[in-house]
Structure formats: C-alpha cells, structure tokens
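Chemist: Listed below, chain by chain, are the residues.
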Amino acid sequence: DTGVSQDPRHKITKRGQNVTFRCDPISEHNRLYWYRQTLGQGPEFLTYFQNEAQLEKSRLLSDRFSAERPKGSFSTLEIQRTEQGDSAMYLCASSPRDRGLNTEAFFGQGTRLTVV
Amino acid sequence: KQEVTQIPAALSVPEGENLVLNCSFTDSAIYNLQWFRQDPGKGLTSLLLIQSSQREQTSGRLNASLDKSSGRSTLYIAASQPGDSATYLCAVQGGSEKLVFGKGMKLTVNP
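If you're matching them up, the sequences are chains A and Y in order. Its first residue numbered 1, the first sequence is counted upward by one per residue in our numbering. Its first residue numbered 1, the second sequence is counted upward by one per residue in our numbering.
No wet-lab data here; the hints were simulated from the structure. A few of these clues could be false.
[What the hints assert, rightly or not] If you anchor each label on the Cβ, the simulated ranges turn out as follows:
1) I7/Y <-> S66/A: 32 to 42 Å
2) Q41/A <-> G60/Y: 43 to 53 Å
3) N51/A <-> T45/Y: 36 to 46 Å
4) E15/Y <-> K57/A: 37 to 47 Å
For glycine and all other residues, C-beta sits at the position ideal for the given N, C-alpha and C.
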C-alpha cells in the first residue's frame, strides 16, 4: 500500500453540475477525514468517519455536500449544484488512531476542483 | 475556538542556513501537534508528530519542539537546502478528531 489515494486529481465542472470525489485510505486505517483548502489558507475540516460511521461534520459542510464510507473502506464526497465558491483543493486523510496513541494523519494528493 | 498562527507567512533564505519556523495556538488543551510540508499543487506530507506529553521530536535535519503551556511549537531545519523549499503547515488536534491548521509558511531556499 503506497498511501492515501484520491481520484480524480483534477476536476473542472460547470456551475450547477454535481461532482463526486473518491478517497482510498491506507488499508487497516479505520479513521478517514475530508478537508478543504483554498488558496493561501490551511486545510479546513469537513467531516470524519470511524469505519463506516460519520461521526463529525463541520458547519462548512452545507446541504449540498454529502460524504459516505460504505463498508468502512473507501469514501466518496459529493457536491451537488456546484458553485464557484466550491473551487478548492479537497484533501482526504486517514489514520489508524486510537485517541492518545499513534495519532499521525496521512494525507492524499488531493483533488483540485475548479467550478467555471 | 482553537486558532493556529504561523508567522511570518513567507521566508526566503540562502542555502545552508539553519531555520526556525514558529507556530502558536490559543488553546493549550491539545492531544498532539503535527508539522506538514506541502509542495505547490500537492497534498500534505507529514514531517513530525509531537504528542502532548512530549517536548520534542527529531527526524533527520528536522527537530520540532512543543511548549504546550505557552501554546508554541517550533520546527528547526538544519543546513537548509533548495529542496526544502515548500509551504510548511502546523496543525493541532484538540478535543475532537479534527486537525486545526495554521495558514502555513512559504519557505524559499535559494542556491
């Protein structure tokens, strides 16, 4: 396993279209995270899964956003009716962590979304 | 609400200099602090993780320290090289699973 994998790497879409991104975490990592990063800013937390359960969602995650992690393996992030403000890098991370133990988060290469 | 600050936002130095990158956070109740490197248009590469009970971590030319009570961490880069040019981000994990990031510091090491 070579790390967290994200697909596609780049996506250009027209405003109003739906897009879906995929993240494959490091195998045996039970925790998976989605972050969004805009130019010149640090990543901002969107949502978190432990196995297949979505345990935390940011207020940044509007009703147009939905994330799933069926069977606790890969995850998808869908954005419906995209807006220009959705243009950003979407980053996925995974971690084997139990609180207080090996807590390092490993990130993928991201999906760059451009809404035109 | 946890806030993470990295100052300065950018730094340009000649090759060979020893560097200190600063990170401060407002809430000292953290589980850990992690330093990342990000190359343009790429994802994040984890450099060092310091758990709240630790004072420092070292990896090669990198050394990170943590002073939880004062809300500060520093990343020390020894003998900088042009290949170290990137944006460096620090992030803290507090009472929830999420990481809270600073805006990063863009480092340029000139040959």
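Chemist: For each hint, tell me whether it holds in the structure or not.
Modeler: Okay, the hints, checked on the actual structure:
1. I7/Y <-> S66/A: 32 to 42 Å: holds (37 Å)
2. Q41/A <-> G60/Y: 43 to 53 Å: About 28 Å separates the Cβ atoms of Q41/A and G60/Y, which means 43 to 53 Å is violated.
3. N51/A <-> T45/Y: 36 to 46 Å: violated (26 Å)
4. E15/Y <-> K57/A: 37 to 47 Å: Holds - the Cβ-Cβ distance for E15/Y and K57/A, about 45 Å, lies within 37 to 47 Å.
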